[in-house]
Every structure is written in structure tokens, then in C-alpha cells.
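So that you can map any letter, position 129 of the sequence shown is 129 in my numbering, and since no number is skipped, the others follow by simple counting.
Calculated directly from the structure, the hints in this document are not laboratory data.
Keep in mind that the hints are not guaranteed to be accurate.
[Claimed, not checked] 30 angstroms max Cα-Cα, derived BS3-like pairs, lysine-lysine:
{"no.": "1", "residue 1": "Lys20", "residue 2": "Lys109"}
{"no.": "2", "residue 1": "Lys2", "residue 2": "Lys167"}
{"no.": "3", "residue 1": "Lys79", "residue 2": "Lys118"}
{"no.": "4", "residue 1": "Lys73", "residue 2": "Lys118"}
{"no.": "5", "residue 1": "Lys155", "residue 2": "Lys165"}
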Amino acid sequence: MKLYPEVVVLRLGHRVGRDKRISTHVGLVARAFGARAIIYFGEIERSVVESIRNVVSNWGGRFEVYVETNWRKKILELKNNGWRIVHLTMYGINIAERGLIEELRGCKKLAVVVGAEKVPAELYSIADYNVAIGNQPHSEVAALAVFLDRLYGGKELCISFPNYKLKIIPSARGKMVVRHNDEE
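Make the full structure from the sequences, and use the hints.
See below:
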């Protein structure tokens, strides 16, 4: 199942040593909830990138992980190539605002910015949309999950991930994981 609009997540402001777990979780949520890629900016631990790539290798899907140095240059490049920039911030327009999610669904390509530390003030003016998942302090991981769920209307929960080595078989009790046999 291909989801529309196409989404790429941009992780801005990762703090080495401090944000390793959260930045990994941003990538995991991006993948599981239907984004096609994540781009980390600046210095980031190799283990964050490797962890997400290992999940893709084992659990499947066509999710890409990139590391770039210049967030401003990349965002402007994306804008020039038809991407709409969505900045998730508690200071933005609430996602429940009438018509907002419908407008976002009408876009072809969305680059969703998820900040870590205080983001540069100019991001608010570069972004096409400053969107809040509630106007209270909260987790950027939760914000991304809620945003993608609202954007895709729950369809992202039914994605099948091709090229998997491991797959969960849903069960009312217990855990069931099957290993894909490449010889089949």
C-alpha cells in the first residue's frame, strides 16, 4: 500500500550523547507510520543510523536513512523541488484546526521537520506550515506519531513491509514472530 502524500522526516538539532534514544525513536516511528525516509542533520552517532537500518533489514520496507550537514540548504532544496515543509511545533496551528489536515492531505510531498533542541527562529518562516499537536510541551516522538496518524487516517497501521526477515503474527495472547525463509 502506497500512502499519499509522500512524507520525508527531517530530524533537526540532534544533541550527541543526549538525544540518541529519542532520535532513534523518531526514525522508528517515521518508518512504522509510513514515511519513506528520515534525514538527520549535523553530527549524529553512527549507532542511531545503524539501528534504524538494521530494523529495515530485519523487518522490511523501503525506508531510507540519510545524514546531511546543512539543514537550511536541504529544506530550501526540497521546497524548490515541490515539497511542502511542515514544522511540528507546540507553537503552531493546532492540527485539529478545521481544514488543516485536509489541506495537508492535498499536498503531493511533505517534508516534516521534527526538532530536538530549540530550533532556529528562521525555520518558522521557512516552513509552509507550523503545526502543533496540542499547544503544550510534549514529546517529538509522540507528535510525529499523532501527525502521521492524522495525515493518513489510520491507513498507515495496515502497511505491509516487503523484503522482511522477521514478521509479527498478530495474536490475542502471547508473542508470535515468524522468520522469512529465503528459499520459499
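Taking the numbered hints from earlier one at a time, note which ones the structure violates and give those numbers from smallest to largest.
none
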